[in-house]
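Could you use the hints to bring the two separately framed chains together as a complex?
Chains as they are written, first to last, in the numbering used here: chain A, 1 to 287; chain B, 288 to 525.
Hints in this document: simulated from the structure, not taken from any laboratory.
Here the structure is a predicted model, which means the values were calculated and not measured.
Check each hint, because a few of them may be wrong.
What the hints assert, rightly or not - Derived lysine to any residue pairs resembling SDA-like cross-links, with alpha carbons at most 20 Å apart: (1) A:K194 - B:E420; (2) A:K101 - A:Y118; (3) A:K146 - B:P346; (4) A:K194 - B:Q424; (5) A:K146 - B:P371.
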Amino acid sequence: MKGRRLIYLAMIVAVSVPVLLGFSLPPSRLVSAERMYSVVDEMQVNPGEVAFVWLDFGPGTLAENEPQAQVLLEHLFRRRIPVVLLSQYQQAEAALQRIPKEVAESLEREMPGQRWAYGEAWVNAGFRPGGQIFIQALVNAPDLSKFLGRDVGGMPIAHYPNFSTIGGVEHVKLVGEITGLVGVLDNIIQFFQKGGYRPTLVHGCTSITIPEAYIFVDSGQLKGLLEGIAGAAWYSEVLKQHHPLSDNSRLLVVNTALSSAHVVLIGLIVLGNIVALWGRRSRRPNG
Amino acid sequence: MDSTTSWGLYTVFVGGLGTLAIFSFLIKENPFYRFFEHLFIGIAAGLGPMLVVRDFLWPNIIEPMLGRTITVYPDGTTSAPYQPLYLLYLVPMLFGCLYYFIYSRRYSWLAKVVIGFTLGASGALAIRGFFGEVIPQITGSFKPLVVMDQGSFMLAESLNNILFVVTLLLVLNYFFFTFGREGSLQGKAAPLGRPLLMVCFGAFFGSTVMARLALLVERVQFIVIDWFAATKTLLGLG
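Only chain B is shown next, with the shape it has when bound in the complex (with noise of 0.2 Å):
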């Protein structure tokens, strides 16, 4: 954040004041709090769609259909030919817009074909996007239990390939519910998925707990080291 020019420092104190009023419900519920969580959610919901239009709508598809990005040079002449297939893109807008007959009891059906096309593109895309991202897995799952190389053997490698083979048969199998596993040696091994699942959600829940540190660590960060200064500035101390 460019604290350099008064709109900078500003920017940088309300920030802060954001920061201390949502911390500030560490100590208890309090309206300052909740100003600025509305004030957040607000910005958030308001941001999003006014980012769509400037950003995409406008300029990637508004303004060649209206033929605005072409340049009209002081000869009449101009930079390119008009591209009467951008008008195109009203066909699949207009099809788009069919969704907000949801709101209508008699045409409601209309929707419904926009949700159906949507859901039959959807699933069309997971399908091709789990061959590209499963089967790689699936082969790279494939590890030598023996690892050699140059001919010496590798134990650190075999004794890592060896634990990944054994943790990923047995945590599939404490999933395998398909047949009666009493008794079965698959009924058996079952539980000894269980551990193995505790000590990776214990992973997830270690990693969650440093992520949510790294956020305090930035937000400390900004508090005593950029927000002090910008206080101080506009203050008239620094």
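Pulled out of the complex, with its shape left as it was, chain A reads as follows (with noise of 0.2 Å):
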């Protein structure tokens, strides 16, 4: 029992130093998330056309998800790229009012005289329950502003300027599904199609979830993938190269304390392989 505890006081201690010094080490590049950067940036939006982001992630997987939500949001805001944010979880309306906003603040504070504004760069269409259904009735409708109906303020999607004029499917250019849940991530795969258009899919998975994401990223139906926090951070690093202003210091820090941990983990299990070989050893009666 003492033992454990001294286990968790040494990944609590692992992680909180970085954090505590804001020591951070330049992330690992991941081909997967290069390449979902290169897709979102070589898009071409024209107008009328859109991006759907679900972000179908709560508390429980905010630690991941929030970080490849906020990467994705900034990329598409810096390109201009009008954002129709919702969700298939019930939990996520803390993240999809939060999130865009606090990423369009940042562009601002990054680049003043220049706005990033509700209505302009996302609306936010909230929860809307049904799953599969749903989708199922997203895709098949002939205006997608109409479909969706309100935002989560009450006002008709179809008001604000950039999405009054959506239409079906087919001017969908790009779906991320940010999502630690079983199922979700399917649902769209399976039917956010319609009549062989099948929009640019990408993904930001947590670490759970990723040996399940590979395949679809190896059968080619997902374009992009951000695994976990990794995924997220060498992501935000590309959009420094290209972005030198856009602040990705907090998020370079829980990767690092994250490979922190993952060092004294491994420490751990060397240690504790070598101790039961140890004490087996001097069990072993003599002769």
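Structural data, given as structure tokens:
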């Protein structure tokens, strides 16, 4: 029992030191995240076309999904691609409200005089229940803004100029799915398509679901993937290379703290195995 | 979280208390932990139905049915005529409500009608979804074992594809139980799938540990930066 508490303590110390010192190391290059950056960066978007970003996460996976949502939205906002935010998960309510607002404020601080206002840069269509049935109805709707009806503030989405002429699903150029939940990405992959048209799909997943997400990367169903915090950290680094004023310091500290915890964990596993082997050997009867 | 307003400061403070309460379980089970555990479950259970009503049922179903989405101007004209077709929403709503007859012994068959309809619709959706999701994966597994690019042999890509195809076949073979396989080549190859599966499970386990540590990092960052700052301000020390 006492030993277990010592392990908890070691992990907390390993995580806390980089956070307290604000110490960060450069993130590792991740090909899937870099590919996602290129997909978003090279996307040709005409007036009336939009990106749909689903934030399907709550407090349980906020640690990994929030940085992913931040970097994807920052990139879309920089490119002035109008974003429709929505969710299949009730507990995403706070993230849908807060994250785009914070990203817009940070960009406005970086570039005084420029504005990323609600209704121009993004609209929040909120939580939409129904999963597969809702998505199927959505992609078959002739006018997405009419189908979505009102945003979370009760204003008709068609009221906002950038979103008044979306038309059908063929005007959705990009779909981003940020989630740690099982099944919600499958809903998008299975049903977000119409008559052979499939928008470019990118995904931010938690570390737990990385092995499952790679299946979709390998089959070409996903054009880009952010693998947990490490994926978000590398995406933010690529953003910083192109936009030097972009601030990713907090994310890099988190990524470094995670690496520090991994090193301690690997050390503990090695130590544990050595102690176990030693114990087994010393218990072995002589002769 | 906005920690610049007093409401935001209290939110951060309570959030930090909740985190410390849940972490206190690492020392031992205690009432502080129990209280916050029940509080969290209660909030999560209550939040869901409230959000469904507030964000979906009320604005998208009830208000259009009641005509509350229509603006009446001072001269008596309206922004749009009332659409009586919205009342058709009542049909599936009433049909869905039949589910509650599950509590009646006499009329529980009415609930079975709803359950049957739901199962049928879910089954049809699952079949459609299967083709949308799995067929591209099957075609994606047809990889060339010898990769050539502009006439030159690509060793790394070729080895990658060979490894992929061999793993796929061995793992599929491991789960193939249709025929008796004692002594056959298929039977001899079956154990080879097992270590490959173990590698996969190891990757799953490693990624699970990584996800849990990411949660810990975020909470530690929240406590040492946001919570300490908010607590200091609330106590008048900052």
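Verification of the supplied hints:
Taking the CA atoms of K194 of chain A and E420 of chain B, the gap is about 14 Å. The hint holds against a cut of 20 Å. A C-alpha spacing of about 8 Å is found between K101 of chain A and Y118 of chain A, which places the hinted pair at or below 20 Å, so the restraint holds. Only pairs whose Cα atoms come within 20 Å are accepted, and K146 of chain A paired with P346 of chain B is accepted, the gap being roughly 14 Å. Between K194 of chain A and Q424 of chain B the alpha-carbon distance is near 19 Å, which keeps this suggested pair within the 20 Å criterion.
Under the criterion of a C-alpha separation no larger than 20 Å, the hint pairing K146 of chain A with P371 of chain B is consistent with the structure, at around 18 Å.
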